[in-house]
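Enquirer: Chain by chain, the residues:
2 protein chains.
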Amino acid sequence: MDFQTEFKPITVQPQLIEGKSFDMINEEIGEHPFTEEQYPVVQRIIHASADFELGKSVVFHPDAVRAGVYAIRKGRKIVADVQMIQGGINKPRIEKFGGSVHVYISDPDVMEEAKRLDTTRAIISMRKAVREIEGGIYAIGNAPTALLELIRLIKEGEAKPDLVVGMPVGFVSAAESKEELAKLDIPFITNIGRKGGSPVTVAAINALSIMAEQV
Amino acid sequence: MDFQTEFKPITVQPQLIEGKSFDMINEEIGEHPFTEEQYPVVQRIIHASADFELGKSVVFHPDAVRAGVYAIRKGRKIVADVQMIQGGINKPRIEKFGGSVHVYISDPDVMEEAKRLDTTRAIISMRKAVREIEGGIYAIGNAPTALLELIRLIKEGEAKPDLVVGMPVGFVSAAESKEELAKLDIPFITNIGRKGGSPVTVAAINALSIMAEQV
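For the protein sequence lines, the chains are A and B, in the order given. No gaps in the numbering here: position 78 of the first sequence is 78 in the working numbering, and each next residue is one more. For the working numbering, add 1000 to where a residue sits in the second sequence, where the first one is 1.
The following block holds chain A by itself, in its conformation from the complex (with noise of 0.2 Å):
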């Protein structure tokens, strides 16, 4: 028996299946806030969460776009928060442009001083993070408490970010870290509210790089 000629749908094609999402995500959207720069962004993450609601509480610092595009162009670094996020974002997108995507939370060092000081891992990988790397990207799709501690250092003139795309989920802080962040005159890309997560964080950067590849 031939599974291969039985089973084969038109949209099993991976680019067929993503165009025709993207022209689903167009008609469906409506009204939206979004300049022409923004709203690929907005649909890559509609795309990855299949929420419209998610999707249009996301807010943009007005150069966040330019930002973003013009530091992975120049190689520069992109910290995650989780290993999920890592592991979601193109990688040799991000390598042709000489860039490469890091995360502290997992380190011996890091969750050594982690339990010293009865904290979250996620906020000492941010301390590690600004230590070894000079501007950067920052990627934040799960930790409250990392997103409001790279908030910190970004104030105290510690961390002086590319841009942060910082979309946790969660209860407690998630849509607090964001209201934080949106609050800096620093490129940023944001959501508001209690939703967000690794998926669409990744779906930020990864629309991003796309850009970055486009001239």
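Calculated directly from the structure, the hints in this document are not laboratory data. A portion of the hints provided could be inaccurate.
Here are the simulated distance ranges between beta carbons [claimed, not checked]:
1) A:LEU16 - B:ARG1066: 32 to 42 Å
2) B:HIS1032 - A:GLY98: 47 to 57 Å
3) B:LYS1160 - A:LYS91: 30 to 40 Å
4) A:LYS74 - B:LYS1160: 45 to 55 Å
5) B:ILE1210 - A:GLU36: 38 to 48 Å
6) B:GLY1098 - A:GLU158: 29 to 39 Å
No experiment lies behind these values; they were computed from the predicted model shown. For every residue, glycine included, the Cβ atom is placed at its ideal position computed from N, Cα and C.
Please arrange chain B on chain A, whose structure you already have, making use of the hints.
Expert: This is chain B only, laid out in the frame that chain A set:
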């Protein structure tokens, strides 16, 4: 300057954050159709997504939770459709029972075969999983084509999973694939609609593995 003492709100401790989130979910969820046995799975899905609508869209086969807990305790293998799920599953808890998590989507033979047949790697990875593993728990959070292929293999009698957690997200075939899963009389956990994804699929598996630990 001592950052540690200055910046340490009460909710910084990981266990406290989770406990507080679960209390908030219990307070806000309102009426729901889930049994006592199913509720911890739904609770963790809401925790991972901050989305009550998604949580309440979860559908269980009546045997699903018991079958899943039993399979984890027996150390049955877990097959994930994508690396992000493998990354998110709490491995020490699975390994304690002798289990392990497997992803085939980036295997060279899977990639070659998908190219040759002009189909998705997800489909081919399911065919490989069924050849390699007897029974097993399938955790599909990304690729509707993987879930549709697994359903076909189950119907053909070629796959006999211990449990299928099928919660792919997306616009093309995601909702349809989950409807098909819900028609099967095998242990499954799925949800209605387009929403879903890796984090909620991971949440379901982790909830079951926590239950497996409890006597």
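Enquirer: Hint by hint, note whether the structure agrees.
Expert: Now the hints, each set against the structure:
At roughly 40 Å, the beta carbons of LEU16 (chain A) and ARG1066 (chain B) sit within the given window of 32 to 42 Å. For the hinted restraint 47 to 57 Å between HIS1032 (chain B) and GLY98 (chain A), the CB-CB distance of approximately 50 Å keeps it satisfied. Taken as a hint, the range 30 to 40 Å holds for the pair LYS1160 (chain B) and LYS91 (chain A), whose Cβ atoms sit roughly 36 Å apart. The beta-carbon spacing between LYS74 (chain A) and LYS1160 (chain B), approximately 52 Å, falls within the hinted interval of 45 to 55 Å.
For ILE1210 (chain B) and GLU36 (chain A), the Cβ-Cβ distance of about 46 Å falls inside the hinted range of 38 to 48 Å, so the restraint holds. Look at GLY1098 (chain B) against GLU158 (chain A): about 46 Å separates their beta carbons, and that is not inside 29 to 39 Å.
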